[in-house]
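Assembling the complex is the task here: the two chains are given apart, and the hints tell you how they should meet.
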Amino acid sequence: MIWALAVAIFATVAAGVYLALARDLLRCVIGVSLIGAAANLVVFAAGRVGTMAPPVIPEGETVLAAAVNPLPQALVLTAIVIGFALTCFSLVLVLALKSRTGVADSERLRFAEPPPAADGKPAPDEER
Amino acid sequence: MALLVTSPLLVPLATSLLTLLSADRPRLQRALSLAGAFLLLGCTLALLAQVEANGTARVAFGGWQAPFGIEFAADRLGASMALITAIMGAATLVFQLSDADPAPESPTLLPLVHALLAGVGAAFLTADLFNLYVWFEVMLIAALGLLAHGAAPRHLDATLKYFVLNAFGTLLLLMSIAYLYGATGHLNFGALEAAGQAADPLRLLPFVVALAVAFLIKAGAFPVYAWLPASYHTLPAPLAALFAALLTKVGVYAVLRLLGDIFVSTPGLLFEALGWIAVATMVFGVLGAAWHWDMRRILAFHIISQIGYMLLGIALASREGTVGAVFYIIHHIIVKANLFLIAAIVFRLAGSYDLRRIGGLYKPRPWLGVLFLIPALSLVGIPPLSGFWAKFIVLREALLQGHYVWAAAALLVGFLTLYSMMKIWFEAFWKKHPDAGWQPPAEARLAPAFAATVALALLTVAIGLWPEPLAQFAQQAAESMGRAP
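Here the protein sequences come in this chain order: A and B.
Residue numbers for the first sequence follow the working numbering, so the first one is 1 and each next one is one higher.
Residue numbers for the second sequence follow the working numbering, so the first one is 1001 and each next one is one higher.
Isolated chain B, as found in the complex (with noise of 0.2 Å):
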């Protein structure tokens, strides 16, 4: 049982040592990694299953029970943002195998993979504040060796602009961090939620804000998502995909568990900011998108965008706004990492990320047109795919609550992610070649890409085809969440 609450950060820490220690011998490498990732899939299938069944499972290290030890903490949130984690690591390793815009192979390059997924997963399972820190900096050290790894000059640049925007957010971390201490004396979830039930609400509300902001710089949140489209798109495709799918999830996870479980008493006015904060982020987001050619670039303004509908979902501060959220995140981290990995298939195929030299894929490659369609009409919220569903519980949440200028701006936003992804399928697609003589590549090894990219879309389909299930298990995840309905 124990095992089972740290696998999702045993199993690919295990990896990494093991991809590190076969370095030099590729074809082994390669087969650990898969092998790990599938690993950490079953393990978190399993873990999620036990946590279906008899709720939160807890381990305490070496014996000190909360809340002085360190506590990791499966609830449903946990163990089902563990299990996506998995997917997604899984699903782009798979990826790596074509020959679609792949990573370059190099020796570090998949120790650094697990290490990522090992920090995100263990990020979604602690529940213990300065824990969270430790994972967020091995997040961030892994992804900057990520960055860094092509070694161009525009990697490099990337990574800089991403350590040092990022470094800013780890401090203030760290900083609050160490504030709520100094206010509370604990570090553990459950007993910070205590104290802060005990505590004078308006004497810890400006550590709780330096923590909510800390997270937001780590969720790409309006004004402080810069490194954001500064550096997702120097990433070769599966990297681009991982990094889209989880990274910013985990700020946003983080910022879930603090206002909407620990800190369920922090004054009404911090939720009316971060629902301001969340229209802002959704607008300022799609409108960069709308400015660019690149398919990387728009996807990566996209992220952003979609970042605002999370973020709004908790800034509703009530038990439906918190289902809304978890729903959104499940959707988004599938959805947004397909996009990715489909836009790399486009490039392989007809030669450029930059829509105004490519076109012409749709006689060729009919039934990609309607793989790309699945993911882009999901973003947009679609019915019947699964982001309709997700913005249906947010939006619902909104209009009961008589925040009608927030209702607008997401349906708004709404309307102009369908412009952007109109413009990719209409430019990729429909329109003619600009060379004329252009002919997909025949020898393109595609078929891991796809078995990838359609095993996600599949994942799509079927949650806005049978929303019910993850409907009722978001809205589980939230009544064992601190926030009273």
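Pulled out of the complex, with its shape left as it was, chain A reads as follows (with noise of 0.2 Å):
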């Protein structure tokens, strides 16, 4: 079962690299999602597959027989809200961008960052 997990969280990252170096930027954006999803993978698989110990048993009483151990589903329940939350943000982003400017190639996101100027210096910046 642990290797399963492996083969799945390592399609899924090879998937979220393969989009994210894409030049569209709602590629992009995805592609870092799709990383997300593959580090809550393995913060799950962290805690083991199948029953366990858990790390804390209240005094008296004694393990389950199928008990596995809490700790990372907690975590990962924390990570996957955050998560969520960036990708909402980042989709949104990527959507002002494009409607706001016409622009969803990085390679022409250079509105932060102008290109040198003929001369080769760097360009003033107007907005400024």
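Accuracy of the hints is not assured; some may be wrong.
Unchecked claim - With a straight-line Cα cutoff of 25 Å, these simulated SDA-like cross-link-like pairs (lysine to any residue) come out:
1) A/Lys121 with B/Pro1236
2) B/Lys1423 with B/Ala1230
3) A/Lys98 with B/Pro1236
4) A/Lys121 with B/Gln1065
5) B/Lys1423 with A/Lys98
6) A/Lys98 with B/Gly1360
FYI, nobody ran anything at the bench for these hints, they're computed from the structure.
Here's what the structure looks like:
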């Protein structure tokens, strides 16, 4: 089972990196959120799949037969929430960029860092 | 006591909520924000005094003691970092009251600033690796909101680049935390330290390296600093100062905590590699600055360059190196924020951030020229300013350990820093203004700006003239961390 999880993580990271390296901005942020999903799976896998002793047992109680380590699940829940918020934010950001500037290509995304002027010196910042 | 330890988180978080609730009443919101900033200053001062008197203060949340519960631990390093965070928050919020390139007023501005302060303060005090990740994310989200605040194409562009490159950092951070947890079964710093000493250091090495790389992305180290010069110069002055002062330093602090406290038994090869990364960070940062003519962009590249010195202190892997790194971080936060703020005053008076379009400020405003020179020469490391002592401690240790190449690179970068600072000074103050009819605007509201910058400059001078208390404090901070002398 852990091997299946490992393969799934590998495939998700590979797909995420491939998308994140794309010049299209939407693909790029979707790639980042895919890597985030893979990171969540890694946290999940860190607790091992299947039964093991939970880290904390109340005094006098015994371990259940089919208990799993609950801590990574709590951690992964936190990470999912954060990742979801960031994904939403990044999607809105890309849409705002696209609708305001018409640019969806990272190569042409030079608003903050304009390319050098014709004489090779840094271009003066016109907006300020 | 428990409240005091958590106050660097609770005070800004409460202020953030209160300013959000008072968003439709701008005057009340501003008053609440300033009150929150100065309350934070008072709380962190009290916390530092408490830690000085009684040693490390610990709080475990929800009654679950370490290593099971989440713990906040304020040792000397963490408490001093929380104090400097509060100083920066107060200084930039006072500066925001002036009309020197302030952040555009908006209902969500102040809540986001305080959320950022909460994230930074909590990151300095937490003693739990996953909790640290959460605070990094809080900082990231608040920083994204502030970056996108202007909503012009340049702001959105900067936000996107900042987001994508930083997201790689946080995701790597999350993955390596998961690996470390899988390998040791712990997230608490103290428990990880014990597990690291018990385990074969080579077994944990890949995970420690991955974690260090994630922190280095956050710190803006070579070659993963591209997000910093792509975004910082689009920020209005108080926010740029706040970002420049705090965000990269949280990354450096995390590297210091990881390699100088928790996993000190990491093989020396990692520290050797970190030393070369530090040298490359210094050199590439300062070269990037030399090309630019926009003051904000020059200063942004100098952040990277200075990060190299702090990493060098950590890479020396000795107690004196740690002392140097702590001293350097504290000195640098004050100086760097002040440079951004003074550049904004220059912008207000001379009309542009671009050095080719301004000049002649020395004649009407000679004291501004002096005020700029204090942090600028401190950044270079000219005695008797604070930067001299910071560099002195790091370089002496490097030479004592026989790392002559690293020390030589650090000295060379010092000269190039001097070149950049003199470029700003001569272009903005000494040469004639390109527009012959230029007069500094008479009605500029600069009193709050001068209050903030003069206070920070006085701190720099005070550290420079009396380095002994801070050096001693850094020494004690290093002693309470994991490294043997």
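Status of each hint after checking the structure:
no.	hint	in the structure
1	A/Lys121 with B/Pro1236	holds (24 Å)
2	B/Lys1423 with B/Ala1230	holds (22 Å)
3	A/Lys98 with B/Pro1236	holds (24 Å)
4	A/Lys121 with B/Gln1065	violated (59 Å)
5	B/Lys1423 with A/Lys98	violated (38 Å)
6	A/Lys98 with B/Gly1360	violated (42 Å)
Against the hints set out earlier in the document, violations occur for numbers 4, 5, 6.
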